[in-house]
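Participant: Chains A and B supply the protein sequences, listed in that same order.
First residue of the first sequence: 81, per the working numbering; consecutive thereafter.
First residue of the second sequence: 2, per the working numbering; consecutive thereafter.
If you are wondering where the hints come from, they were derived from the structure by calculation, not from laboratory data.
The reader is advised that the hints may include incorrect statements.
As the list claims (entries may be wrong) - Below are the DMTMM-like pairs computed for lysine to aspartate or glutamate, each with C-alpha atoms no more than 20 Å apart in a straight line: (1) LYS34(B) with GLU9(B); (2) LYS109(B) with GLU3(B); (3) LYS109(B) with GLU9(B); (4) LYS13(B) with ASP116(B); (5) LYS248(A) with ASP305(B); (6) LYS183(B) with GLU212(A).
Spelled out from the first residue to the last, the chains are:
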Amino acid sequence: MNLDTVFFLILAAAAVITAAGMLLNRNAIYAALFLILNFATVGIIYFTLSAPFVALTQVTVYAGAIMVLFLFVIMLLGAEKLPYGEGSLRTQRLVAIGLAVVLLVEAGYFMLVKQPGLFLNPAQAGEFGTVEQIGRALFNIYILPFEITSLILLAAVVGAIMLTRIEKIQRAGQTGGEEQR
Amino acid sequence: MEPGVILEWVIKSVVILISMTAGFAYTTWYERKVLAKMQVRIGPNRAGPFALLQPVADGIKLIFKEELVPAEADKLIFNLAPVITVIPALIVTAVVPWGGVLDINGFKLSLALTDTNLAILYIMTVTSISVYGITLAGWSSNNKYAMLGGLRATAQMISYELALGLSLVGPVLVAGTMSLGKIVEMQQGGWFILFQPVAAIIYFIAIIAEVNRAPFDMPEAEQELTAGYHTEYSGMKFALFFMAEYAKMVAVSMIGATVFLGGYLGPFLDIAPWLGPVWLWVKVAVLLFVFIWIRATSPRIRYDRLMAFGWKILFPLALANVLVTAVVVAFMGGK
Numbered sequence: 081m082n083l084d085t086v087f088f089l090i091l092a093a094a095a096v097i098t099a100a101g102m103l104l105n106r107n108a109i110y111a112a113l114f115l116i117l118n119f120a121t122v123g124i125i126y127f128t129l130s131a132p133f134v135a136l137t138q139v140t141v142y143a144g145a146i147m148v149l150f151l152f153v154i155m156l157l158g159a160e161k162l163p164y165g166e167g168s169l170r171t172q173r174l175v176a177i178g179l180a181v182v183l184l185v186e187a188g189y190f191m192l193v194k195q196p197g198l199f200l201n202p203a204q205a206g207e208f209g210t211v212e213q214i215g216r217a218l219f220n221i222y223i224l225p226f227e228i229t230s231l232i233l234l235a236a237v238v239g240a241i242m243l244t245r246i247e248k249i250q251r252a253g254q255t256g257g258e259e260q261r
Numbered sequence: 002m003e004p005g006v007i008l009e010w011v012i013k014s015v016v017i018l019i020s021m022t023a024g025f026a027y028t029t030w031y032e033r034k035v036l037a038k039m040q041v042r043i044g045p046n047r048a049g050p051f052a053l054l055q056p057v058a059d060g061i062k063l064i065f066k067e068e069l070v071p072a073e074a075d076k077l078i079f080n081l082a083p084v085i086t087v088i089p090a091l092i093v094t095a096v097v098p099w100g101g102v103l104d105i106n107g108f109k110l111s112l113a114l115t116d117t118n119l120a121i122l123y124i125m126t127v128t129s130i131s132v133y134g135i136t137l138a139g140w141s142s143n144n145k146y147a148m149l150g151g152l153r154a155t156a157q158m159i160s161y162e163l164a165l166g167l168s169l170v171g172p173v174l175v176a177g178t179m180s181l182g183k184i185v186e187m188q189q190g191g192w193f194i195l196f197q198p199v200a201a202i203i204y205f206i207a208i209i210a211e212v213n214r215a216p217f218d219m220p221e222a223e224q225e226l227t228a229g230y231h232t233e234y235s236g237m238k239f240a241l242f243f244m245a246e247y248a249k250m251v252a253v254s255m256i257g258a259t260v261f262l263g264g265y266l267g268p269f270l271d272i273a274p275w276l277g278p279v280w281l282w283v284k285v286a287v288l289l290f291v292f293i294w295i296r297a298t299s300p301r302i303r304y305d306r307l308m309a310f311g312w313k314i315l316f317p318l319a320l321a322n323v324l325v326t327a328v329v330v331a332f333m334g335g336k
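Only chain B is shown next, with the shape it has when bound in the complex (with noise of 0.2 Å):
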């Protein structure tokens, strides 16, 4: 292997992973802004022109905080547990195409990390393992309120994995293909939530619940667990569960845009191929946005009712919709 594709794979990487960071200390100022609009509040705006500098401030504040780590917890997997959450998702979106291949004087280089036929499950992967850090956290710090807060977060989020999974099955049905390049490339004749409404719809749903997010943010509920998993927890380790979630949010809704909204497809792109990755984070604040108004107008509904609803709706619609879509593809041939 030369050592240029070597540097080339690590200079992509590194991209991914600033980019993944900065999408998330933006998507606070983002989120407080549109929340602050949406509540007819003035929000956020001291630090800088649009308090675009509000990130940079929280995140001094955060550092400069004591730290505690209570007496009687488990210290090595409490200080691990929040090292533990943020990595899935600051990896996930490795396999996620930011645009064609570019041409620079000659030299082609693909806005791809990798273009596997393994994308899809190398995802379902994962997620499949992001659960430790939230359940670990919320064992090691001793408390009811964290324990009881983990077990939620683990239960909920295997729960709706499964409407999540099989809902990506269908444009993988459709597309027959997982590798994302390919999926993305098939949707040049319409974008997949065309073809896959349910799916998509299944999909927005069960992420929602994946990330924790209002109105499916039970393992924080303030009112019955204090802050759930994160109750023990405070400076920079906090800002790291909070950087999970939010770096969570802003991948799945990479991914979403991807397999459903055309990925980085988009007016212009034959002329300007750079533009992909523009198309690509435009969606991805489109899907932020709904996060945040959902965040906003709806309120939380009850765990057993949570429960019941990944399990006795949105994951037996999810395997019909995949069984409709296999016979579909099997009498029309695929495409």
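Same shape as in the complex, but just chain A (with noise of 0.2 Å):
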């Protein structure tokens, strides 16, 4: 074993461990900062995968955009604890059982029997993963799916926006137009 494949076997250890985390903490503050950490984590192995772009753009996505909204809501809604109780979880923990079962099941096939090339050599993947291979990728060959997607993303924000003017809209309604700006 190389110094890349312990230093894989450590950061796949942490990114498993702070996925469980947050599955099975039931404080929902304590659940969002271990997801916050896991995508740390992933961070970091899209840089031993010589992945850099993709690896700064998932920190500051994710970690840094995402997970603060998430945090807000749970900390403005007071949502913090999860009720104690089974209640109608039991259907979908059996059915979680199953899926695992399943999961666990394939894995084990893959590695065991199959036994592909588990441990990726870095050095394989060359340069395709720095600024300006992604950059020249999304602008030329992938120039169409780019600008559809920015469309979208527009769309979604004129929607948000317009949700939370639809109150206000509707109070200036009902004063007679007083308070509309």
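Please assemble the complex out of the two chains, which come individually in their own frames, going by the hints.
Facilitator: The following block contains the structure:
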């Protein structure tokens, strides 16, 4: 085992532990923090795979932007604590156990019987993950999907802003439009 | 990897960490001195010559203070939050070059910890995770003022981060690289503040909001929120928040000096390459003076105006700047 493999195994263990911590924690804030740690660990794994752009974007977008909004919602709603008790989760639990068995069998089959290159050699990755390469690919080959994605995101942004304004517009209508700016 | 290289990295990292910490201590001294002069007061003048030992005295006082933890606070996060706040402030300048290459008896010593083509992206990543400490401090204190202060700080920081990131895109487009070392080298023909004046102005406004300084010090508006997110903190934990704020001031000044003011470039650099760090720190001191100057002279603006200014003026302006720069660069064929 070379140094890269050892490093990967440590990172993989950290990723699994933080993911488990996120699922098992009953306090939503701690669960969110575990998820942030998980994103950061996955970011470092991307680094070891010579994809620095994806690594930093992963941390910026997921850990830096999306999870901040998650924390906001959890804090503002005061939904930190899950109530104890089983409730409707019992059937879901059975399904989950069944699916987990399927996943484990599948993973075991691939690891023990098929034995693919489990540990990728980062040197094979080469230059494809640099900022320049991604920029070139995104703005030349994939320009149409890129533009379509940007339009969809724009629609989502406009929709989100409309949802926050509906209440204001209704209130303004009731009071004779005085509050409308 | 040879052990010599690793040792060099460790030494450089330690130098960066120590200078950020010392930068924090002496920025407090600098601020108190400059504020006193501007307000026609005497200011600190007791501890040592020019009160140079004042930061040491303050540190000793804070270490010996009692540390209180509110009974209903979330203890783990309450204790972790100051640490989470301070780490991004200390590591963000890791990509800033302090100078060119020194030649000491044939040993080539590069005055930069690392020079990757990801430097700007790294800075944006670190600033984007630096909001957590403050948010968590506000939440874990279990105090209304702290909570509101933390939420305000987070909202303000994510809003101004957009303008901040876009203001750095302009120089990146002009230089054609994200490496700060190359960006500095490109500025030998002229500082980027000349080619990107709008980006420079947006950057300097956005960083004031990003480090929560007056007139954008909403998160700790005393009249409304007592002290904001650090209301419940005392002793060294409070000092860590203080340290994060001042270390961030030094860090963003250093990044601003590097991107817009020519970084370590200055006269006589060909004869004496060791002047690089000196020029860099002189520029940092000038920018810190501007920070303090603004604090001393302008009142805090209202929170909704702050958000409206960020979203409705700065952000579209930064976008327009990127668009214009991109068109110009495309037609001129870059530099």
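Participant: All hints are to be evaluated individually against the structure, with a verdict given for each.
Facilitator: Now the hints, each set against the structure:
Restraint check: the Cα-Cα separation between LYS34(B) and GLU9(B) comes to about 36 Å, which exceeds 20 Å; the hinted pair is violated. Between LYS109(B) and GLU3(B) the alpha-carbon distance is near 16 Å, which keeps this suggested pair within the 20 Å criterion. Pair hint LYS109(B) plus GLU9(B) holds up; C-alpha atoms about 11 Å apart against a cutoff of 20 Å. Under the criterion of a C-alpha separation no larger than 20 Å, the hint pairing LYS13(B) with ASP116(B) is consistent with the structure, at around 13 Å.
A C-alpha spacing of about 16 Å is found between LYS248(A) and ASP305(B), which places the hinted pair at or below 20 Å, so the restraint holds. With a C-alpha separation of about 15 Å, the suggested pair LYS183(B) and GLU212(A) falls inside the 20 Å cut-off, and the hint holds.
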